[in-house]
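Just so you know, the sequences run in chain order D and Z. Taken in order, the first sequence gives residues 1 to 338; the numbers are from UniProt numbering. Taken in order, the second sequence gives residues 1 to 381; the numbers are from UniProt numbering.
Honestly, the hints are just simulated from the structure, not real lab data. For glycine and all other residues, C-beta sits at the position ideal for the given N, C-alpha and C. Please note that the accuracy of each hint is not assured.
Partial selection, computed: residues in chain D whose CB lies under 10 Å from chain Z [said to hold, decoys possible]:
{"#": "1", "residue": "His165"}
{"#": "2", "residue": "Gly195"}
{"#": "3", "residue": "Thr311"}
{"#": "4", "residue": "Gly319"}
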Amino acid sequence: MDWDALEGEFHGIVPPRFTPPEAPADPGTPIRSDDVHEPVRGDHDRAFDVERATITLADVGGMEEVKKRLDLAFLGPLRNPELRTLFGKSLRGGLLLYGPPGCGKTFLARAVAGEMGAAFISLSITDVLTMWMGSSERNLHDLFAAARSHSPCVLFLDEIDALGHKRSQLGSSGMRTLVNQLLTELDGVDGNNDGVFVLAATNAPWDIDPALRRPGRLDRTLLVLPPDQAARAAILEYHLRERPIAGIDLRKLAAATDHYSGADLAHVSETAAEFAMRDAITTGEVRMISQQDMLAAVKEVRPSTDAWFATARSVALFGNESGEYDDLAAYLKKRKML
Amino acid sequence: MSVAYRQARQLIEIGRDEQAEGALRAALATEPGDADLLTLLAFVLRRQRDYPAALRAVDAAIAAAPHLAEAHAERAESLMSLLRDKDAIAAAREAVRLAPHDPGGHFVLARALAAPRRYDEARAAAQHGLSLAPRSVEGLLTLADLERDAGNRDEAERAARAALDLDPTDAYGRWLLAMLDAEHLRVRRSLRTLRDVARENPARPDVISMTWPIRSLLSALRRWFAVATVLVLVAALCALRWEAALLPGRILAGLFAAVVTGFALRVLVPAGRVPWRCLRLAPWLLRRATRAGSVTVVVMVALLLAYAMTGLWWLSLLAVLGIPVLWGCAAAEAFGARMDDPGYMHAMKDLAGDFRSWGAELGQWWRDTRKDLREAWKGDA
């Protein structure tokens with residue numbers, strides 16, 4: 001079987017149903033990830049990539065409630081200095097995004113940086129592991145120094161529960177010292193944090209040291225739930241855009257994938273493509289990914305958020321005395337899980 | 001200590017067990033015979049409650065380094081989780097033999113000996129470990145645990161408090177004190193402590209422990225209330241023949257019903273809603289068995305009260321019929337409480353497998369014996 005020849009036969013005859021336009025993105029187009037990286041330069045950037053995000057909140061499909069809250073709690077005050085002065089609000093403090101894995105927290109953080117036209121530096125678990133091995137306090141200080149020197153800059157601390165884990169649960173003094181250093185840097189003791197906007201994301205906010213949640217640090221939280229129906233349709237459209245599909249009803253699929261994360265939806269698209277490819281290999285005839293393939297994939301791929309919500313239910317029951325998880329509790333009550 | 005080992009340890013400290021396992025497996029791909037990595041992998045797998053895999057990993061560690069005491073200690077822990085007490089004791093003894101000055105090995109041996117209730121030896125092992133490390137929180141809590149299992153509540157409380165003096169935030173020590181309070185029926189204090197521990201570790205609450213007021217009440221009632229109900233039935237049956245026995249029988253029924261109600265109120269009212277809310281999060285069999293048991297007790301009490309008021313003897317008979325239901329719920333509850341313990345389920349599967357083998361052997365023996373007997377009979381004929 002000459003697959004190359006077969007592919008050549010179909011080239012240009014049957015385009016994918018949801019091919020996005022080649023032109024620059026308009027508001028409302030599906031999700032894209034085309035961040036531009038600035039080259040590393042000088043001592044300040046030696047460890048960390050400084051990026052310029054070109055995506056904005058308009059590129060995030062659906063999630064209107066989350067975008068509205070981001071605007072009110074974070075972006076709005078930034079854009080309105082007179083109102084800020086009038087109401088005596090300071091820009092100090094950061095924002096903690098929390099929620100089930102794979103629901104777009106990192107993507108939202110990049111979109112926020114894009115909205116602000118700010119530089120973007122992110123720290124992930126890999127960087128944290130490297131920090132634990134080396135001179136961790138120095139590395140963390142350098143990170144903040146890099147952010148300060150590139151202000152306005154969004155400093156994104158991904159998986160902050162790793163870097164800022166509860167000190168009472170850490171046996172290693174080195175790891176506890178790193179948390180102390182993080183608190184110092186967030187307070188701006190060794191440098192002015194004006195123009196540095198700290199965003200953090202985690203799947204386990206309950207494992208974060210309470211000192212990090214105090215006023216002036218990560219004192220605002222935003223629950224990022226699995227994508228709503230509109231967002232799910234947009235995510236599925238994005239993942240199917242370069243595949244051979246026919247007769248796909250995005251609305252029905254979005255309705256059938258309640259509580260699925262973005263990562264789950266990517267997996268669904270991948271699985272449906274596998275079904276079609278397997279048939280093609282077996283029969284020797286290429287066929288389109290159909291609605292049946294998608295529905296079969298939905299049956300096979302279960303939402304990965306269930307385990308997170310099971311844990312979240314315990315947290316809402318036992319760990320919400322201060323009311324910090326009220327929005328989570330409200331959502332769980334709506335889902336009749338509480 | 002290799003970089004991979006240190007990174008894995010740090011990932012374990014922040015609760016990233018899956019990532020630690022990934023890091024260890026990646027390191028073992030290049031160094032498959034590294035006993036330290038294998039032992040840590042066994043530890044991480046045990047934390048994730050994959051006990052058979054943990055045992056395989058630690059067996060590989062011992063094969064690579066037979067004199068590594070830590071590996072033998074970890075093997076003992078895995079075997080304890082799989083309810084293989086004899087093997088666990090042997091592994092722990094080996095760990096102590098290889099590193100007699102390491103207090104950790106003695107504490108593991110103490111835990112292994114406590115499992116089959118060899119409390120005197122367990123106590124001696126724990127105290128030997130504490131003589132090597134008097135300020136060891138692990139050692140004091142091991143001692144507290146085994147004293148509690150042995151029924152020595154005061155000694156258990158002393159040891160637990162000594163551990164908490166050294167580390168007031170130790171969650172296990174606080175849990176242990178809460179359970180000792182429970183055994184002393186200090187209901188409010190016990191549940192307050194359990195709630196505090198749950199609040200500090202909200203993602204990992206011990207919901208089964210927080211249902212103790214309901215389950216302890218049912219456990220107590222299963223024994224003496226069953227006997228009391230039978231006594232009432234006997235009195236009711238006697239009253240059919242001797243009318244003079246009717247009034248005392250009715251008074252007895254009323255008394256027992258009042259005592260059960262009073263005891264239930266004594267335990268459940270200070271407990272509040274917490275046990276009932278936690279019951280909703282418990283494994284499904286435990287939840288249903290506990291609810292069914294509670295309903296059965298309520299019905300039995302109502303029947304006794306009805307007999308006390310009316311003197312109709314068949315009401316006491318109906319109450320007695322609740323006893324097997326109560327005991328059936330007890331068995332389901334005991335199993336349900338262990339359902340989310342993979343070690344227990346694995347041990348049950350092994351036991352079921354053993355029964356199947358014995359059954360097959362018995363069947364084979366019977367077939368062979370029958371054949372021999374037939375042949376012998378034909379020969380004689």
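Going through the hints against the structure:
Satisfaction of the interface hint for His165 (chain D) is found here, the shortest Cβ-Cβ separation to chain Z being roughly 4 Å, below the 10 Å cut-off. At a threshold of 10 Å, the smallest CB-CB gap from Gly195 (chain D) to chain Z is about 30 Å, leaving the interface hint violated. The restraint placing Thr311 (chain D) at the interface with chain Z holds, with a minimum CB-CB distance near 5 Å, inside the 10 Å limit. The beta carbon of Gly319 (chain D) comes within 3 Å of a beta carbon in chain Z, closer than 10 Å, and the hint placing it at the interface holds.
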